[in-house]
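Asks: Which chain is which? The protein sequence lines are A and D, in order. Per this note's numbering, the first sequence runs over residues 97 to 356. Per this note's numbering, the second sequence runs over residues 4 to 321.
Hint data in this document are derived by calculation from the structure and do not stem from the laboratory. Just to be clear, a hint being listed does not mean it is correct.
[Stated by the list, open to error] Below 25 Å or equal to it, Euclidean Cα-Cα: the simulated SDA-like pairs (lysine to any residue) are:
| # | chain 1 | residue 1 | chain 2 | residue 2 |
| --- | --- | --- | --- | --- |
| 1 | D | Lys-135 | A | Ala-117 |
| 2 | A | Lys-109 | A | Ala-222 |
| 3 | A | Lys-98 | A | Tyr-346 |
| 4 | A | Lys-109 | D | Lys-141 |
| 5 | D | Lys-62 | A | Pro-206 |
| 6 | A | Lys-109 | D | Gly-96 |
| 7 | D | Lys-135 | A | Tyr-111 |
| 8 | A | Lys-109 | D | Thr-108 |
| 9 | D | Lys-29 | D | Arg-13 |
| 10 | D | Lys-62 | D | Pro-72 |
| 11 | D | Lys-135 | A | Glu-275 |
| 12 | A | Lys-194 | D | Glu-198 |
| 13 | A | Lys-98 | D | Thr-93 |
| 14 | D | Lys-17 | A | Ala-117 |
[Said to hold, decoys possible] Short, incomplete list of chain A residues facing chain D, as computed with Cβ under 7 Å:
| # | residue |
| --- | --- |
| 15 | Val-102 |
| 16 | Arg-106 |
| 17 | Thr-113 |
| 18 | Gly-197 |
| 19 | Thr-198 |
| 20 | Glu-200 |
| 21 | Leu-201 |
| 22 | Leu-203 |
| 23 | Thr-204 |
| 24 | Ala-205 |
| 25 | Pro-206 |
Backbone N, C-alpha and C define an ideal beta-carbon position, used for all residues, glycine too.
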Amino acid sequence: MKSILVIAERELKTYFTSPIAYVVLTIFTFLAGFVFYFFVGVMVESVGSRAMMSAQTGRPPDPIDMPGVIVQNMFNFLSFVLLLVLPMITMALFSEEKKRGTMELLLTAPVTDLQVVLGKYVAASAFYLILLATTLVELAVLFTYSQPAKGPILSAYLGMALYGLAIIAIGMFISTLTESQVISVILTFGVLMVLWLIDALARSAGATVKAVLSYLSILEHTNDFLQGVIGTSHIIFYLSFIALGIFLTYRSLDSLRWRS
Amino acid sequence: MISVENLTKRYVTKTAIEGMSFNVEKGEILGFLGPNGAGKTTTMRIITGYMPSTDGTVKVDGFDVADQPLEVRRRIGYLPENPPLYTEMTVKGYLQFVAKLKGVTGAKVQDDVNQAMDRVNITDVQERIIAKLSKGYKQRVGIAQALLNDPPVLILDEPTIGLDPKQIQEVRELIKSLAGNHTVVLSTHILPEVEQTCHRVIIIDRGKIVAVDTPQNLRSQIQGGARVLIEVEGPAADVLVAVKALPGVADARVVTQEASKSSFHVDVEGGRDIRRDLARTVVQAGWGLLELQSENMSLEDIFIKLTTAEETTPQAAS
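Bound conformation, chain A alone:
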């Protein structure tokens, strides 16, 4: 456990000594703020149109959870942003070690390969959770000016956390395959795009294939979380995705030893 933290600590420090961390933080927080502002605007406008509707029908408008809808829409948008941003967090994890020869240090240190993998994974995950936590600023605004239901928000955060951690596990594996950060990031984009488009493919397929394909779509599984539903099957999906990513990374390191 201690070795994992030693590796994770160094990796986290590296994030903050390179410009990538700041670029990612800037893009993400800017887009989060922008999309939050946008959806608050949409909601405020809808108040007017809903008032007109109720005046025409003579019935009071149906109650809706406005802050909840804002949060849901914001995270929906941010989950796309993460498809573009998370590969930048994972691209250097192993590729850079291979390029610099520091892999030889890690793989001859008195630590197991699994500890190396987990140390890297913990660092990237911690950085992602920091990234996700920046959206608490928008939440603070919501809680200042309204009374959002807490349940759906917590569930949305859980969903977003699992979603991001799954992407990181894939990205980490891909970073073991090459010495180049650029190839690593492009490959990860490609794989994530396929996992995302699989959903679109599913629409035109037969019933069984459709069920399988839409189950594999990584984005699909966030929907229930964002609507405030914590589904066991979704949690299992993401956890098995994470486990698979970590396992593949571990195996890939092992094969590196044989090939080097």
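Chain D: place on chain A using the hints.
Replies: Chain D in isolation, oriented as in the chain A frame:
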């Protein structure tokens, strides 16, 4: 301390090392000498557990590298061919990380780091970013890293490469001072380096051990004469006396001895060819000359390759 038996490493297309066996005693400094691509780095990587072997066993302090890799790695300080540096870190930050990675905890981390920096003379640059350092300093940070946690075995792949002559001398002194308490295996293609630092030398060429000897013996072989191997059917002791009495023979010793026949290494004084005299002596004494072979050529060839590499002076570090 280190025992290597029948070590073999094969890739799909080529064989990197083949059937290599040797031992390194505790406190000994052993040098690997050989041209580039001879298999020095591969052998070291297998001993450190970085890569698995295709065949054969490696034991360090009694632990098998394949079965108990962590026990082995705990006992080894390793300087790879390219020093494994996180160049965005400061020297001190990097060494603290490596110390913790090796399982050092608490106040001992800083003590170890200070001691290692002191040994390779880099205390004055401890706050600098590694990327900004000269090649010589980077190399020394790499050596410091291997010394952390005071491992009993040090594996150093080309430890003096990239250093200027003064630094080379310092590092050689450092390595010599490590002998006794530490077992050191180092690789080089520089002949004088081996002479100055190593107790014993293994010469590797194309994945095989060509010679194992002390640097002095090797030196006399290159500078002086050659060595002739003879196999004789006859009483070993008498043959030895007769051979040693020949003019031009520096030394002779029994290599293998069986019931009726024995083989001998005969060291020849510089420049003479004594094969004719040898043959005559053996035959006239009534013994059977089974084999007579001049052994110097292959060794010499290798040394030509090695010593020409020495001519390229290492670049100044700063």
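Asks: Against each hint, give a clear statement of whether it holds in the structure.
Replies: Status of the hints after comparison with the structure:
Pair hint Lys-135/D plus Ala-117/A holds up; C-alpha atoms about 22 Å apart against a cutoff of 25 Å. The suggested pairing of Lys-109/A with Ala-222/A holds, with an alpha-carbon distance near 11 Å, which does not exceed 25 Å. Using a Cα cut-off of 25 Å, the hinted pair Lys-98/A and Tyr-346/A holds, with the two alpha carbons roughly 19 Å apart. In summary, the hint linking Lys-109/A to Lys-141/D is supported, as the alpha carbons are separated by about 21 Å, within the 25 Å threshold.
The straight-line distance between the Cα atoms of Lys-62/D and Pro-206/A is roughly 16 Å, inside the 25 Å bound, and the hint therefore holds. Between Lys-109/A and Gly-96/D, the direct Cα distance comes to roughly 11 Å. Compliance with the 25 Å bound is thereby established for this hinted pair. This hinted pair checks out: Lys-135/D and Tyr-111/A have alpha carbons roughly 19 Å apart, not beyond 25 Å. A distance of roughly 19 Å separates the Cα atoms of Lys-109/A and Thr-108/D; the hinted pair therefore holds under the 25 Å criterion.
With a C-alpha separation of about 29 Å, the suggested pair Lys-29/D and Arg-13/D falls outside the 25 Å cut-off, and the hint is violated. At roughly 10 Å between alpha-carbon atoms, Lys-62/D and Pro-72/D fall within 25 Å of each other, so this suggested pair holds. With a C-alpha separation of about 23 Å, the suggested pair Lys-135/D and Glu-275/A falls inside the 25 Å cut-off, and the hint holds. The straight-line distance between the Cα atoms of Lys-194/A and Glu-198/D is roughly 35 Å, outside the 25 Å bound, and the hint therefore fails.
About 22 Å separates the Cα atoms of Lys-98/A and Thr-93/D, which keeps this hinted pair within 25 Å; it holds. A C-alpha spacing of about 43 Å is found between Lys-17/D and Ala-117/A, which places the hinted pair above 25 Å, so the restraint is violated. At about 4 Å, the closest approach between the beta carbon of Val-102/A and any beta carbon in chain D falls short of 7 Å, and the interface hint on this residue holds. The closest approach between the C-beta of Arg-106/A and any C-beta of chain D is roughly 5 Å, which is under the 7 Å cut-off, so the hint is satisfied.
The interface hint given for Thr-113/A holds, since its Cβ lies 5 Å from the closest Cβ of chain D, which is under the 7 Å cut-off. The closest approach between the C-beta of Gly-197/A and any C-beta of chain D is roughly 4 Å, which is under the 7 Å cut-off, so the hint is satisfied. The interface hint given for Thr-198/A is met, as the beta carbon of that residue sits about 4 Å from the closest beta carbon of chain D, less than 7 Å. For Glu-200/A, the suggested interface contact is upheld, since its CB lies about 4 Å from the closest CB of chain D, less than 7 Å.
The closest approach between the C-beta of Leu-201/A and any C-beta of chain D is roughly 4 Å, which is under the 7 Å cut-off, so the hint is satisfied. Taken as an interface hint, Leu-203/A checks out: its beta carbon lies about 5 Å from the nearest beta carbon of chain D, inside 7 Å. Of the supplied interface hints, the one on Thr-204/A holds, with its beta-carbon coming within about 5 Å of a beta-carbon of chain D, less than 7 Å. At its closest, the beta carbon of Ala-205/A sits 5 Å from a beta carbon of chain D; the interface hint therefore holds under the 7 Å criterion.
Because the closest C-beta pair between Pro-206/A and chain D is about 4 Å apart, less than 7 Å, the hint holds.
Violated hints for the displayed structure, listed by number in ascending order: 9, 12, 14.
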